Amino acid sequence: MAERSRIVIEPSRGWLAFDIKSLWEYRELLGVLIRRDIKVRYSQTVLGAAWVVLQAVATTGMFTLVFGTLVKIPSEGYPYAVYVFSALLPWTFFANAVSASGNSLVNSSGLIGKVYFPRLVIPFASVGAGLVDFCISTVLLLLLLLILGTGWSASLLAAPFLLGAVAITALGVGIFLSALVVSYRDFRHVIPFLLQVWMFATPVVYPATLVPERWRWVLHLNPLSGLIGGFRSAFLGRPFDLPALAVSCAWAVLLFLLGIAYFEKAERRFADII
Amino acid sequence: MQAIRAEHLSKRYALGSRPAANATFREMVSNSLRAPFRRLRRLGGTAPEEDLLWALRDVSFCVNAGEVVGVVGRNGAGKSTLLKILSRVTEPTEGRVELAGRVSSLLEVGTGFHPELTGRENIFLNGAILGMGRGEIARKFDEIVAFSELEKFLDTPVKHYSSGMYVRLAFAVAAHLEPEILLVDEVLAVGDVQFQRKCLGRMGSATREGRTVIFVSHNMTAVQSLCSRVLWIDGGGIVEDGESARVVGAYLERNNEILMSRSWDDLGVAPGNESVRLCRVEVSPEGEDPCAPMTVETPVRVAFECWNYVDGSPLNMSMVVYDQQDVCVFNSVSDSRRLPRGRFRAVCRIPGNFLNDGRYRVRVLVVREQSVPLLDADNLAVFEIHDTERPGGWFGKWVGVVRPALTWTLEPA
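Listed in order, the protein sequences are those of chains A and B. Under numbering that gives the first Met the number 0, the residues of the first sequence are numbered 0 to 273, in order. Under numbering that gives the first Met the number 0, the residues of the second sequence are numbered 0 to 412, in order.
Looking at chain B on its own, in the form it has when it is part of the complex:
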């Protein structure tokens, strides 16, 4: 049963200050007077496509009912255009889409919120704009309010809300949509971490209910955990379309998007071979909160879980970390140990005050007898170290591959 069937979709935009038509009436008059001359020139061989941009070019794909498909790609790759066409906000220039079922789209949170209206009134307004019936909203009203945790502020105009409250109310309405097909743009990028997690959880349960979801995001961790299949779009076309771990891996090789954890539930597709396979990688800050931001001061914990198929094999791990310029920052090797057949875990701790701020990529090797590499997997995870508050008045980029806190003495000699 197909829920979405897109055939040869293309979307063309006119570039420059003059979009598709004339911006002002005066320009229309002057342009229509000049048009005959322009046409003459065009006959002379000037390319008519000079200032046209194809945001999407000949994109075809099908999505089965109940499938959750992630769409990844750099900014300007055509992801949002695709979503706008699927949600009928804009028309394709060429091609055709068939959608089977009720469609809701979340291209932003709080579409149509009116600042003068109260939270209660905006729930009804936003719900209606997103396609919910009045009865449906009334039925879910209490649930929406509870989800937003804004019971006390329901009768306050939303212009007095903080931006966090605004987003919470908006997402609460959106989270209660029950379409058969849900189109979601990068809306989870807003709101505090705790609320983000709640929304992701809610989306996860939506997908388990058999809903078809198209999810556009830069958050590779979310894409991996929510989607079974990923479309990678670049330059208006599909680069790859397939099982999410594979496509995200391929995408990460070309782009440094943050990916803190990955797991392979199906050992058949996990990196490795008949001796050893990788099941899970997770980068997290050392401490209580796995979502706390990682600064140059934070110790970082990198955990690997593998499956060993050869009983008693003497194995050790080797982790290599690269920075964004592909410079190898370090290679760290564990002790060797004879491990029984089955799952094992290896954890490496990178101390605080060691890495500079920036993005780092993790590569891991599993080595037998400290000499034979059994497994070598690159692009396993990408994490970001943030700068921290510095004493003094200098805020420029801190040079160096690493930023160790070394011991100094400073005294009059």
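Pulled out of the complex, with its shape left as it was, chain A reads as follows:
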């Protein structure tokens, strides 16, 4: 038997009651919930996880047709398809993670009212479940790079770190939104709109160089622009914009901490109002 643990239940006070230890204790639950989300997503579908590939191909194809061929957005000498896909890949992960984790608490109201565990596990699991889709799409992109002759470069090694930074940003935003949705269901409707605006505010379908020099600093206000640009550099083997990356990473950490701080403050009311 495990050594006697002592639990004290009291009304909590203050802002930072973040209990990383209890989150660690529930890591198995985190794993189980991630597996559940993955299994459930494609249950009773004929194509299963092939949907990830189909969606990625369809979106890339559509964007290539509209922005590459019709609007003729410059793609710095790369085929527009790989150019847009290399940014669409992390963006899709980010958007899915934010939207899934933002709605995750309300979707788990049955759990929250009936059993105790650190509530943070829920939005964390939603972000984690998106990693599988990301990996499948990555394989697709890597194949596309070979086929279209761009090839692979050593810059690819930076991708895992960039993914980590995107995940932390998504967690920060998603955790914040999930707690907000519990109190104000309005934000359920805000999330899709927010993500749409955010995508066009990020150099995903266009290069950052398209923004006039004078206004380039505005991109730094967007936590994702540096990271999405970084992904593009990693896949296409171009030099990294290190200052932009540094700013994005700082944003990631800041958003993460803010998200958790708000969540922890709101958490004590979840069971009563969800």
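Treat the hints as calculated values from the structure; they're not laboratory data. Owing to the predicted nature of the structure, the values given are computational and were not obtained by experimental measurement. One or more hints might be untrue.
Taking lysine-lysine pairs in the BS3-like style, the calculated list, with each CA pair at most 25 Å apart, reads [to be verified]: (1) A:K264 with A:K113; (2) B:K151 with B:K197; (3) A:K38 with A:K113; (4) A:K38 with B:K151; (5) B:K151 with A:K113; (6) A:K38 with B:K139; (7) A:K38 with A:K264; (8) B:K158 with A:K38; (9) B:K139 with B:K197; (10) A:K113 with A:K20; (11) B:K139 with A:K113; (12) B:K139 with B:K158; (13) B:K197 with A:K113; (14) B:K151 with B:K139.
Knowing the structure of chain A, use the given hints to seat chain B on it.
Just chain B now, with coordinates in the frame of chain A:
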């Protein structure tokens, strides 16, 4: 060694459609604009507590390790709130609880079950949610499956399960939790009778293993047989806290909960005196299955067991049955008989087609020489008679204290 120590626990809820905070963002904006005016009005003397509800108010108690404590009370008395605080689902507004040991709570069966996943997958999911480790679940997996009797359906998504199968699987997982402190809400109210009995048996063995259990229930028979101590909660506070037979008796005096059998193992606290004491009362339908439902057609058997201390004393029994409105339905008296010192049994049979549907309360007297009442105990048992299928198209409440089947003749004259 104390397992649970609760001090001055209170929980406050805001009433009405506006819970604690604002339901929508728009309301938050409009409320924050109006807030200064509201505060002004409040200075004028309006009570700020107008729409607050104290679900629990200043509740303190301690539970020793290995103790099995029942919690009884009417709906809305604060039982579930207490359990939610102890299981850390919600925070107390005031007060503090210390828990020594691993805690598991069963506020419902099948928490977190996902309809799309198979039985096998849900065992792991539910187990993890209830706090079991993956290794622990894997170790107990076969046992859980055997308990649920669902071997054949393990790889079927639970959305195709019948509700009975669903509950069986859920309870099978829950029954294999091994916490030091177990908190159980009214979860046994579901499932078929046979499975309920199995679960109660499993809970009984859990308590014998020295586990601390808090058991919330309306099932007085289960509370009596499982718990050594009972907390009676009403209006957010503890009304009584003590030995289970005494508290349940006091509770039954005020509320008509069903209680089909009671026994007093310790004659010291049993109703009675130095001449005679009651050891056991049991109401059951006549026939094979003691758990079969009792309808207006079922003959009912009421059995008493007493201890006679005076050898050769001429004793007779007198049973009085009251309905829910406290109307005396009948008083039935047995023959007198000289009984030796020791245990004796008296059984009274209420015929079928006699009582109306409803709840009835049993009072018994033991009388010497057909004139001196030695023992008079009320609220011994409460049983319910259900309505039966009726011929014809009328389903309203059948009037009358009794519903005897009398002989009729109907013919053209």
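Non-conforming hints, listed in increasing numerical order: 5, 7
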